[in-house]
Amino acid sequence: MPRPIDLLQGTLDLLILKTLTWGPAHGYAIARWIEQLTGEVLRVGEGSLYPALHRLEEREWVAASWELSDTKRRTRVYRLTPKGRGQLRAESGSWKQFVAAVGKVLDATEQPT
Amino acid sequence: MSAWLRYFSFLRRDPRADAADEVRFHLEMRVRDLVARGMTPDDARRAADAEFGNTERVVDEVVRIRTRIDRRADRSEWMRDLARDIHVGMRSLRKSLAFSVTAVVTAGLGIGATAAIVSAGYSILVRPLPFREPDRLVAIYSENPERGWNRVNISWPDYQSWREGSRSFEDIAIWSWGSFTLAGQDSVAQRVNGAAVSSHLFRVLGVAPQLGRHFAADEDGAQRARVALLSDGIWRGRFGADSGVIGRSILLDGRDYTVVGVMPRGFNFPDRGELWVPFQTDPSSESRGNRQYAGAIGRLNPGVTPEQGAADLRRVDAALAIEFPDNNRYWRSEVIGLRENLVGDLQQPLRVFLWSVALVLLLVCANVANLMLARAAVRSRELALRSVLGASRTRLGRQLITESMLVAGLGGVVGIAVAWWGVRLLRFAFPNQVPPYFISLGLDETAVMILVAITLLTGVLFGVLPAVRMSRVDLNTSIRDGDRAGAGARSTRLRSALVMSEVALSVVLMIGALLLMRSYRNLQGTDLGFQEQGVLSARVTLPQVTYNTRPRSFEFYNRLTEELRRTPGVTAVGHAQGIPFSGWNVMARAPEIEGMPVLSRNDQVDTHNQLVTPDFFRAMGVELVRGRWFTAQDRDTVAPVVLVNERMVEEGFGGNDPIGRRIKVNGWPMATVVGVVRDYRHYELPRPMGPATYFPWLAWPTRGQTLVIRTTLDDPASLLPQLQAAVRAIDPQVPVSDVQTFGEVVSRSLWRQRLQGNVLAIFALMSLVLACVGLYGVISYAVAQRTRELGVRMALGASRRTVMFMVFGQSGRVVLAGIALGLLAAFFAVRIMAALLYGVEARDLTTFFMVPVILAITALVATIAPALRATRVDPMTALRSD
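Order-wise, the sequence lines are chains H and X. All the letters of the first sequence, read from the start, carry residue numbers 1 to 113 under the working numbering. All the letters of the second sequence, read from the start, carry residue numbers 114 to 995 under the working numbering.
Keep in mind that the hints were calculated from the coordinates and are not lab data. As the structure is a computational prediction, the values presented were derived from the model and not from experiment. Cβ atoms here follow ideal geometry from the backbone N, Cα and C, with glycine treated the same way.
Now the in silico label distances, taken between C-beta atoms and shown as ranges:
#, chain 1, residue 1, chain 2, residue 2, range
1, X, Arg506, H, Arg89, 47 to 55 angstroms
2, X, Val561, H, Thr21, 49 to 57 angstroms
3, H, Glu35, X, Thr507, 50 to 58 angstroms
Using the sequences and the hints given, assemble the complete structure.
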């Protein structure tokens, strides 16, 4: 198993928003989903996940409410807001451009003239 | 829910506990997963904890973010509440439009009037003068306490002694009034006012030219240089704001002067001056007794008070009195703070205005509060209902305060218009419609800030009372009885008390106004001793260069007088050095009067002295008491003739017949009295006329004279074209200035008294209307309240007369109590205006009697409508209603 890569702040926001497109979730579920989807390559540090969630709420990209979990335990559930959905669209576009650009450089075989 | 309640609800839900709970849930879930994968619970817990890391840090971070979120939410909730309150308030104001318009207009009048007066007061009494460290500047005059003279001009040697001998002044500078004929090669001659100033005067004031330079130290004195400083106005108006004007030469009084600088915009020393030249001394200014230069301005050393400065100069004075007993024994310096010197005569009327407008504002607040109470009474059922439906008391109170603030705010908007108009009116009140440059009247930021402050104050003043009352409304009775029972009676009592204070305030204002108006009337009705109707006057000044000999001036004025006399409608043309109220108050001493004992220097008669032509008094409409007028033959300068006035006969000749006796006036040869002229008012009212002597101008022609033209035309001003044409025909280089009818001269001289009377009259009228509107409202309401009671009484046989008297009785009690209170207050309040009165006592019985009568009659009229309504109550309807 390769050593997990720690996530950058902006990237984490993007991933959280993406996971929430499948529906409302609490913090633990979000963390597990991200790890599973990346084949445990990306590790979400809980130390940064929760502050990130509250910051997203502050920006009104996600909304939160206290609900009961399947274990009948009070828990905070996050859902994507329309504003957050728009943000996700915009951000994932530029992310893909970024990845493609970095890829081009890394795949390059000739020194640019 | 109001913002602060919400705040408390957040305290109940602790954000830290929430964050910790969220983290704990995460750990529990992780443990459950790990156990499911086969770990022991203990291992799983340890692994989960290790994975998560420092939970404290995460919780702290989250709490920080949450606090930010909550604070923002509070703010926006508060704004939402406010917006809702405003929305609801506006809707409810729209619903009762008559109430809203009355309240807003009333508030607007009060706010606007107050803002206008307070901002005028600020700019005159408080705003720093436009000089560097103005508190260190003082004006210095001469005074003669023995004879009770003060603010007398100073002499050049005294000024020099003060400047050299004093220790507490950074510097002292001298100046003198001046007016100049400004002419160009191709432009019209123009008369401009200004001053001759010592080279360092503007440096003492701390005002630098915007262009060019100050006068240099060697440019004043006996060898004064022909250099000039221009005002911004002249520079723009005459030279098109051309910066190349520096170094250019201009024609002043026919001589070439070089422009060395342009003073900054708005600088018009001494009050409306436009042009300045260096101060010049000549042999005559070397005499200590020659106190003719306008004044000195001193800059005190830092930390020195004006009193210390004055004491310092007194020390110099004491030495001068010993060294020069002839000229200085009875004289000493007088030091006055510069602001006091410039605006001192406006302070007293302003104080009266400020007090009056405060009363007006109080009255306005009482009136609007009254309206609010009336409305609150009508709405008590609505409010009670809302309260039952869950609106908290604070919420309702807040709603009511918001409504008052809305009324005040809208009133503030109306107030801006009123204040704008008021300030314009005040500006117009100044002579020439322009206040001197150190008073800037206008709706600037300060005025707007004052207006906003007054608006807030007003909103609180008239909003708090109804709000407090409403939150005490008894819900049960209100819902059951609507606006009828107990609360209504209490409210009527409170409103009666308000109206009573309104009446009292109105009494005070009306007494003040009446006193000032009567003072103005008295001044206006003063027997001036001349006939002001049908007279046109104009100042004519001959340039010194071309009219450098007496025969030339003589020739010019004779031709002009002849020409004007031939003009149709003109009956008499004369001229003199100064006309009444023009400020031409030249005094001379009469040391020797034939047949009278010789008096010591300080006891000799001072006489107003003028050069006049034979027809001057005829044109003025002044009577000859005895003897004869001057004739064209009275041109002897060695043994001249002279006219004296009645006061001179009294004071100088001891009441004896002066005709044929001789009198010596300083600076003139011994002259024989040929006639006695009736006293006429020459000094600004209310100053009485003093002794006067008049010498024949034909014997000593001068260059500057004021023409006085008597005409049979309805409008004397219509002679202006002929006058200008006549002057131009003789010499186009001669300027004509200060053209005004005598009617204007007289009316202008009373501008301050007129302003005082008008301002107070406006306030008094406002107060009377407001008090009566308040009275009408309360009595109408009381009648409506008592409909059932009145119905019962009438059903039991009370006559209409009885019912009517009941209503008048109620109104009368309120008005009489108000009048009594008002008279008592006025008795003490009039003291502050005693100094503004003329020909009427502050506690004038007639005024104190007339005002209550006027008020009582007006109040009676305001009560008629509700009283009639009371008599028309139909017993059956009244009993059945509700």
